[in-house]
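Trainee: What follows is each chain in one-letter form.
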Amino acid sequence: DAKTTQPNSMESNEEEPVHLPCNHSTISGTDYIHWYRQLPSQGPEYVIHGLTSNVNNRMASLAIAEDRKSSTLILHRATLRDAAVYYCILRPKKSSGDKLTFGTGTRLAVRP
Amino acid sequence: DGGITQSPKYLFRKEGQNVTLSCEQNLNHDAMYWYRQDPGQGLRLIYYSQIVNDFQKGDIAEGYSVSREKKESFPLTVTSAQKNPTAFYLCASSMEGQRNYGYTFGSGTRLTVV
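Chains A and B are the protein sequences, given in the same order.
Here the first sequence is numbered in the working numbering, starting from 9 and rising by one per residue.
Here the second sequence is numbered in the working numbering, starting from 22 and rising by one per residue.
Keep in mind that a hint or two might mislead.
Unchecked claim - Computed list of lysine to any residue pairs in SDA-like fashion (alpha-carbon distance at most 20 Å, straight line):
id, chain 1, residue 1, chain 2, residue 2
1, B, K35, B, K78
2, B, K30, A, K77
3, A, K11, B, T41
4, B, K78, A, G111
5, B, K78, A, A71
6, A, K77, A, A117
7, B, K30, B, M116
8, B, K78, B, K30
9, B, K104, B, R131
10, A, K11, B, K104
11, A, K11, B, Q58
12, A, K11, B, K35
13, A, K11, B, T100
14, B, K30, A, G111
Unchecked claim - Here's a subset of chain A near chain B, in silico, CB distances under 7 Å, partners left out:
id, residue
15, P48
16, Q50
17, P52
18, Y54
19, T87
20, F110
21, R115
22, A117
Source of the hints: derived by calculation from the structure; they are not laboratory data.
Remember, predicted model here, so these are calculated numbers, not experimental data.
Each residue gets a CB set at the ideal place from its N, CA and C atoms; glycine is no exception.
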């Protein structure tokens with residue numbers, strides 16, 4: 009299965025934008041890029057996903073590089089409630105079985 | 022509202038005992054999953070099921086068992102053969118084959134062996 013690489017931790021100030029990077033240089037042509045976040049002592053929460061084009065929803069934006077080897081999750085105005093671990097995951101092709109493989113993610117700290 | 026319910030939230034077990042964690046979903050999702058999370062670590066897949074009466078081993082299935090007799094239920098049994106069962110257990114579901122949808126996770130069960 010294709011792997012992703014994320015920084016272990018990042019910090020941001022409240023009400024400032026946050027750009028969370030993810031490298032996935034071995035991504036396959038039909039793998040979707042998914043982002044989840046996990047607040048302390050809770051299950052992960054789906055944030056956003058994309059295939060080739062940039063995507064926006066009420067929670068965040070996803071910018072995907074033209075070669076699809078990297079992507080960036082953008083939180084436009086960080087709040088204290090955005091402090092969480094953010095996971096970048098590739099949803100594999102059908103032949104590999106539809107199961108998500110989680111890395112250790114990026115722990116985002118938000119300073120008031 | 023639709024969602025996934027895991028119970029109990031906290032569970033204590035004596036060494037040598039089997040224990041079963043419950044996972045129920047009313048999302049009409051075909052696929053269900055069990056993950057284990059240790060402190061400071063990512064999630065590791067234990068078992069998954071893409072359809073009723075069928076399931077596959079994940080990356081760390083040893084010492085665990087599952088059943089999928091109903092679409093909405095996917096209980097996980099932690100057996101005495103699991104050497105280090107203390108962990109946070111998460112259940113998830115998704116629409117089978119639908120890459121254009123995310124996973125929905127439960128709120129987890131924290132198991133402690135005493």
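Trainee: Against each hint, give a clear statement of whether it holds in the structure.
Mentor: Against the structure, the hints come out as follows:
1. Taking the CA atoms of K35 of chain B and K78 of chain B, the gap is about 25 Å. The hint is violated against a cut of 20 Å.
2. Taken as a hint, the K30 of chain B and K77 of chain A pair is broken in the structure, with Cα atoms around 39 Å apart against an allowance of 20 Å.
3. Restraint check: the Cα-Cα separation between K11 of chain A and T41 of chain B comes to about 32 Å, which exceeds 20 Å; the hinted pair is violated.
4. Distance hint between K78 of chain B and G111 of chain A is fulfilled; the C-alpha atoms sit about 19 Å from each other, no more than 20 Å.
5. Taking the CA atoms of K78 of chain B and A71 of chain A, the gap is about 34 Å. The hint is violated against a cut of 20 Å.
6. At roughly 26 Å between alpha-carbon atoms, K77 of chain A and A117 of chain A are farther apart than 20 Å, so this suggested pair is violated.
7. For the suggested pair K30 of chain B and M116 of chain B, the alpha carbons sit about 25 Å apart, so the restraint of at most 20 Å is broken.
8. A C-alpha spacing of about 24 Å is found between K78 of chain B and K30 of chain B, which places the hinted pair above 20 Å, so the restraint is violated.
9. Straight-line distance between C-alpha atoms of K104 of chain B and R131 of chain B comes to about 16 Å, which keeps the hinted pair within the 20 Å bound.
10. Between K11 of chain A and K104 of chain B, the direct Cα distance comes to roughly 28 Å. Violation of the 20 Å bound is thereby established for this hinted pair.
11. Taking the CA atoms of K11 of chain A and Q58 of chain B, the gap is near 19 Å; set against the 20 Å cutoff, the hint holds.
12. About 37 Å separates the Cα atoms of K11 of chain A and K35 of chain B, which puts this hinted pair outside 20 Å; it is violated.
13. The suggested pairing of K11 of chain A with T100 of chain B is violated, with an alpha-carbon distance near 31 Å, which exceeds 20 Å.
14. Straight-line distance between C-alpha atoms of K30 of chain B and G111 of chain A comes to about 24 Å, which puts the hinted pair past the 20 Å bound.
15. Checking P48 of chain A against chain B: minimum C-beta separation of about 11 Å lies over 7 Å; hint violated.
16. Restraint check, Q50 of chain A versus chain B: the minimum CB separation of about 6 Å is within 7 Å; hint holds.
17. With 7 Å as the threshold, the beta carbon of P52 of chain A comes within range of chain B, its nearest partner Cβ sitting at about 5 Å, so the hint holds.
18. Interface restraint check for Y54 of chain A: the shortest CB-CB distance to chain B comes to about 3 Å, inside 7 Å, so the restraint holds.
19. A cut of 7 Å between beta carbons decides the hint on T87 of chain A: the least distance to chain B is about 21 Å, and the hint is violated.
20. Hint on F110 of chain A holds. Least Cβ distance to chain B is approximately 4 Å, under the 7 Å limit.
21. A hinted interface residue such as R115 of chain A counts as satisfied when its beta carbon comes closer than 7 Å to some beta carbon of chain B; here the least separation is about 9 Å, so the hint is violated.
22. Taking 7 Å as the C-beta contact cut-off toward chain B, the hint placing A117 of chain A at the interface is violated, the least distance being around 15 Å.
Checked against the numbered hints given earlier, the structure breaks hints 1, 2, 3, 5, 6, 7, 8, 10, 12, 13, 14, 15, 19, 21 and 22 and satisfies all the rest.
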